[in-house]
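Participant: Chain by chain, the residues:
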Amino acid sequence: MKITQSSLLKKDWFGLLIVVLLSGTFIAMLKPAFLSAFNLYVLMVSVSYMLIIALSQMIIIAIGQMNLSVGAIGGLVAISFSGVMEVYQISVPVAICIGLVIGTVCGFLNGYITVKSGISAFIITLATLYIFKGINLGITEAEPFYEIPETVKNFGNAKIGTSPIPYLIIIPVIITFLMWVFMNRTETGRHMLAYGNSVQSAELIGISSSKVVVTAHVISGFLAAIAGMLVVCRLQLGTPNIGDSWLLPSFAAPVIGGAILAGGKVDVIATALGVLIVAIISQALVIFKIDPFFVQIFLGVMILLAVFVNRYREYKQESSKKIFNND
Amino acid sequence: MNKKIPNFVFTNQFGLLCLVVTFILIFSTVTDGFTSRFNIFALSRVVAIDIMIGLAMMVVILTGGLNLALGAIGVCAAMFGGWCMETMGIPVIPSIFLILGMGSFLGWVNGMITVKTGVHSFIVTLATMSIYFGLMTMLTEAEAFRRLPETFTEFGSMKLFKKYISPLLLLSLATCGALFYLFKYTDIGRKLIAAGANPDAAELSGISVNTMFIYCHVLSGFLAAMAAIMLTTRIGAAIPSMAGQLGMDWLLPAFLAPVIGGTLLSGGKLSVFGTMLGAVLVTLITNGLYLIDVGEFWIRFFLGIILLIAVLLDKTREFFTLKSVIVS
Amino acid sequence: MKFLFSMITSSAILMASGAFAGGHSPTKVALVPGGPHPYFAAWEKAGKDAVKDFGLGKADYKVPAEWDLSQQNELIESLVGKGYNAVLVFPGDAVGTNKILGELDDAGIPTAALAGCVEQPTKAKMCFGTDTGHSAYLGTKQLIKAMGGKGKIAHFTGFLVDPNTTLRIDAVEKAVAEAGGGVEIIQVIADIDAYEPADEKINAFMAAQGGEVDGIVTTAWVPAVVASQALTNMGDKRIKMVGIDHDEVVLKAIKEGFVHGTMLQNPYGQGYIGSYVMDKIRGGCSFKASAPWKTTAQTNQFIDSGTVFVDISDVDTYVDAMRGISLEILETFDGTYLDC
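Line order of the protein sequences matches chains U, V and Y.
Numbering (numbering that gives the first Met the number 0) for the first sequence: 0 to 326.
Numbering (numbering that gives the first Met the number 0) for the second sequence: 0 to 327.
Numbering (numbering that gives the first Met the number 0) for the third sequence: 0 to 339.
Among the clues, some could well be false.
Claimed, not checked - With a cut-off of at most 27 angstroms between alpha-carbon atoms, the simulated DSSO-like pairs for lysine-lysine come out as follows:
| # | chain 1 | residue 1 | chain 2 | residue 2 |
| --- | --- | --- | --- | --- |
| 1 | U | K115 | V | K268 |
| 2 | Y | K124 | Y | K57 |
| 3 | V | K158 | Y | K122 |
| 4 | U | K264 | V | K158 |
| 5 | Y | K122 | V | K161 |
| 6 | U | K152 | Y | K57 |
As the list claims (entries may be wrong) - Here are the simulated distance ranges between beta carbons:
| # | chain 1 | residue 1 | chain 2 | residue 2 | range |
| --- | --- | --- | --- | --- | --- |
| 7 | U | I289 | V | T210 | 50 to 58 angstroms |
| 8 | U | Y166 | V | S207 | 55 to 63 angstroms |
| 9 | Y | I311 | U | Y166 | 48 to 56 angstroms |
| 10 | V | I187 | U | I204 | 39 to 47 angstroms |
| 11 | Y | K236 | U | S90 | 27 to 35 angstroms |
| 12 | U | P148 | Y | S285 | 48 to 56 angstroms |
| 13 | U | S209 | V | S27 | 39 to 47 angstroms |
| 14 | V | R36 | U | N153 | 54 to 62 angstroms |
| 15 | U | V100 | V | D186 | 50 to 58 angstroms |
| 16 | U | G160 | Y | D235 | 18 to 26 angstroms |
| 17 | Y | G334 | V | R36 | 37 to 45 angstroms |
| 18 | V | Y163 | Y | D313 | 56 to 64 angstroms |
| 19 | V | V293 | Y | G282 | 29 to 37 angstroms |
Please keep in mind that the hints were generated in silico from the structure rather than gathered at the bench.
Treat the numbers as computed from the prediction; the structure is a model and nothing was measured.
Glycine residues also receive a C-beta, built at the ideal position from the N, C-alpha and C atoms.
Using the sequences and the hints, build the whole thing.
Facilitator: Written as structure tokens, this is what we have:
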């Protein structure tokens with residue numbers, strides 16, 4: 000029994016789960032409205048696309064890189080998705096495919112240029128961030144697309160039966176599961192983590208860097224595309240500033256979930272719990288009528304706290320293993 | 000040793016210089032008004048601020064890190080300065096020192112957290128960016144300081160050299176000179192570079208790498224505050240939105256200038272004049288694109304493309320330089 | 000659909016002002032909003048129509064790629080470098096923009112603040128826009144009336160950095176104070192002039208306080224759209240809401256009865272008449288010393304471009320109301336304000 004306890008404690012997600020439960024209970028005790036059906040619905044809606052955004056960033060963190068263009072890809076897909084439906088009257092499934100293709104291509108470009116040039120993904124995705132966002136603004140001239148088909152709008156606002164569960168959350172949950180399988184149960188997923196851990200040793204055991212990096216960026220782009228389209232469903236319009244505010248939360252959730260930016264260590268479930276924590280507390284701030292500015296500070300403090308906690312745990316592990324590692 | 004000249008030809012700075020000259024020639028022939036007094040003056044002012052922002056990022060890139068909180072520090076420093084001058088009635092000169100002190104302090108906080116936690120400064124400054132900016136908006140309630148002393152704000156409109164050049168540009172050039180001297184000729188500057196280039200080796204040779212990294216963050220905060228002062232004199236008020244949401248609008252110029260200028264993101268190599276030329280190039284191109292009328296919505300697209308081309312070119316140049324070295 | 004309003008207005012004015020057509024004046028007007036925002040879209044057509052109808056050299060709509068004072072300044076500077084000689088600007092900051100307006104004035108380029116004002120002292124020739132404070136005040140009055148004179152109100156508004164936002168918050172407070180003790184503001188949510196944060200915050204608010212609140216007043220475009228959508232999605236007709244502007248979503252929600260009404264502004268008229276006035280000033284006209292300026296919290300050189308409350312009874316005919324206002328301002332402008 001003791002063994003299972005300590006191994007549970009070692010899991011990143013275990014501590015987070017406790018934080019989620021405690022904060023949830025605490026808020027519900029002070030404000031019972033927190034557990035109302037409508038509030039749970041709103042909470043799940045905001046969790047739904049944030050989950051995908053966080054996973055889109057997480058997979059790049061896994062290989063030890065960063066993707067600054069997640070929001071820009073999401074925005075470009077969002078306006079393309081709604082744009083083709085409004086301007087060319089393209090049917091919804093085709094529009095979804097177009098959106099996914101655009102996201103995938105954007106991700107592929109990120110990965111391909113990074114690998115071929117050997118320049119850090121940070122700079123490449125900074126450049127593509129401006130390129131994708133520039134195309135977005137150039138096409139829309141900052142004007143939203145309004146003519147969203149009813150099916151799309153309904154999908155963004157319907158609940159499953161009489162439950163407070165929004166349709167919107169179905170896809171994110173499935174994707175979270177698939178990502179968990181991918182990262183933990185497939186060879187490519189393990190290769191990514193190995194690559195993130197150490198590029199040299201990964202190459203030594205025959206992992207192809209270009210394959211790993213390009214695959215990760217393609218998945219990232221694909222996920223950003225899904226997130227962009229989910230936001231369109233939710234907002235019921237395709238506005239060019241979708242994605243502008245994704246950068247901070249996209250890093251916040253994986254880092255709160257214990258991801259190490261140097262790569263090689265990410266946890267899908269912990270990332271998902273990270274998203275949940277951010278969402279619960281953002282909502283609590285509105286419920287308790289706390290100054291809206293505080294949301295910003297709060298996100299920052301959460302990231303720093305997570306960083307300190309991770310660091311402390313690493314330190315504990317290291318000292319228990321008596322390994323001295325000075326970096 | 001007569002290789003000096005060809006060596007310079009192969010440097011990034013020379014390539015940049017050629018590009019700058021080419022673009023000046025192109026824009027002055029293709030567009031109306033590029034060489035007008037109004038435009039040159041306006042350019043000199045924009046360049047001045049972009050150089051300063053680029054330098055502020057450059058000194059942190061030297062450590063192999065990043066400072067995403069650059070804009071947030073700038074805005075905090077400017078708002079603090081506005082508060083000093085407008086609310087507290089502190090005279091201009093002491094206020095300027097207080098602003099610079101504020102910037103340095105916020106940079107110091109970044110440096111301390113980075114060094115103490117050993118976490119990459121990207122994540123640290125991502126967090127402090129939202130903390131600084133959030134605290135600033137909370138304390139000021141997003142109210143601008145708009146009644147600054149005229150002696151302070153006039154500086155931004157002053158015109159020198161037959162009204163062609165802003166004194167802000169001279170300030171930036173002087174800062175470039177000072178930094179060049181620091182990194183080239185002083186002991187501490189060489190230590191900073193050594194710490195960035197190879198922390199382990201530097202540590203072994205008795206340099207306190209952590210202290211050096213903190214110095215770099217302090218310097219970055221200081222330069223960000225300088226940029227903020229310049230921007231404040233230029234718009235005549237200290238405004239929370241002066242660097243965009245969370246101060247993120249400074250990030251593009253901040254990265255463009257040093258990266259185009261040949262500063263390595265992995266740390267340990269920097270080029271003050273490269274950064275300067277990088278800022279000049281970016282400002283020129285932005286201005287030129289406005290004048291050619293590519294449509295203001297496409298400007299960002301082109302800036303992104305330019306950044307991409309610049310880093311790719313730099314990579315190719317490195318490749319060929321290496322090859323030519325091996326060949327000779 | 001969104002151009003319908005501007006098109007009808009323009010054609011009406013076009014007929015009224017055919018006399019202006021003729022040779023092209025050297026006036027090149029730049030219409031510069033604070034950043035990309037759907038509100039300003041009508042300026043583009045307004046500028047083009049002004050060129051056609053009044054014979055201006057140019058009247059182009061130029062948008063800074065972001066809501067950022069520095070980018071706006073840079074854009075304006077390059078436009079002047081390019082030969083534009085009159086600037087109509089939505090100020091990126093109520094004071095910060097004055098600096099560049101002063102510099103333009105030194106260079107002999109007339110400017111005016113459009114849709115939002117700069118604070119005095121300023122070199123802007125006028126501020127031509129919606130009296131946003133007054134509009135928010137009237138909107139809140141309508142809301143309180145719809146609520147039967149009592150209840151709890153929430154106020155959603157835009158960028159805190161927008162010079163108009165503070166005026167709006169104050170005006171809503173004033174209207175509530177005048178209603179006596181029966182009405183209370185329970186929450187002001189600001190800085191949500193982008194769709195994603197607006198959606199998140201407004202829905203979180205609805206979830207937490209939807210049961211308590213009786214009325215919502217929104218005084219910026221995006222919150223109006225998002226709040227209309229939220230009420231429509233909830234199917235809630237108990238909460239009364241007064242919005243702002245003419246976004247399709249808001250108009251549809253009014254027709255369907257989820258939103259009580261909206262305060263319309265006149266962006267087309269601003270761009271169209273503003274361009275006309277710039278040409279006049281460049282042609283040697285100046286404002287009369289006795290011009291009947293209005294005074295607002297920011298400036299005493301204000302001209303109201305008109306604001307109208309629209310509810311379900313006149314949502315289909317609101318274009319007529321705005322057209323009437325635009326025509327009236329244009330017809331009497333020379334005589335009322337200018338010395339030529």
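Participant: All the hints need checking, so say for each whether the structure fits it.
Facilitator: A quick look at each hint next to the structure:
{"no.": "1", "hint": "K115(U) with K268(V)", "in the structure": "holds (22 angstroms)"}
{"no.": "2", "hint": "K124(Y) with K57(Y)", "in the structure": "holds (19 angstroms)"}
{"no.": "3", "hint": "K158(V) with K122(Y)", "in the structure": "holds (19 angstroms)"}
{"no.": "4", "hint": "K264(U) with K158(V)", "in the structure": "violated (55 angstroms)"}
{"no.": "5", "hint": "K122(Y) with K161(V)", "in the structure": "holds (24 angstroms)"}
{"no.": "6", "hint": "K152(U) with K57(Y)", "in the structure": "violated (41 angstroms)"}
{"no.": "7", "hint": "I289(U) with T210(V): 50 to 58 angstroms", "in the structure": "violated (39 angstroms)"}
{"no.": "8", "hint": "Y166(U) with S207(V): 55 to 63 angstroms", "in the structure": "holds (57 angstroms)"}
{"no.": "9", "hint": "I311(Y) with Y166(U): 48 to 56 angstroms", "in the structure": "violated (31 angstroms)"}
{"no.": "10", "hint": "I187(V) with I204(U): 39 to 47 angstroms", "in the structure": "holds (43 angstroms)"}
{"no.": "11", "hint": "K236(Y) with S90(U): 27 to 35 angstroms", "in the structure": "holds (33 angstroms)"}
{"no.": "12", "hint": "P148(U) with S285(Y): 48 to 56 angstroms", "in the structure": "holds (54 angstroms)"}
{"no.": "13", "hint": "S209(U) with S27(V): 39 to 47 angstroms", "in the structure": "holds (44 angstroms)"}
{"no.": "14", "hint": "R36(V) with N153(U): 54 to 62 angstroms", "in the structure": "holds (60 angstroms)"}
{"no.": "15", "hint": "V100(U) with D186(V): 50 to 58 angstroms", "in the structure": "holds (57 angstroms)"}
{"no.": "16", "hint": "G160(U) with D235(Y): 18 to 26 angstroms", "in the structure": "holds (20 angstroms)"}
{"no.": "17", "hint": "G334(Y) with R36(V): 37 to 45 angstroms", "in the structure": "holds (39 angstroms)"}
{"no.": "18", "hint": "Y163(V) with D313(Y): 56 to 64 angstroms", "in the structure": "holds (57 angstroms)"}
{"no.": "19", "hint": "V293(V) with G282(Y): 29 to 37 angstroms", "in the structure": "holds (32 angstroms)"}
Consistency note: the structure conflicts with the earlier hints numbered 4, 6, 7, 9.
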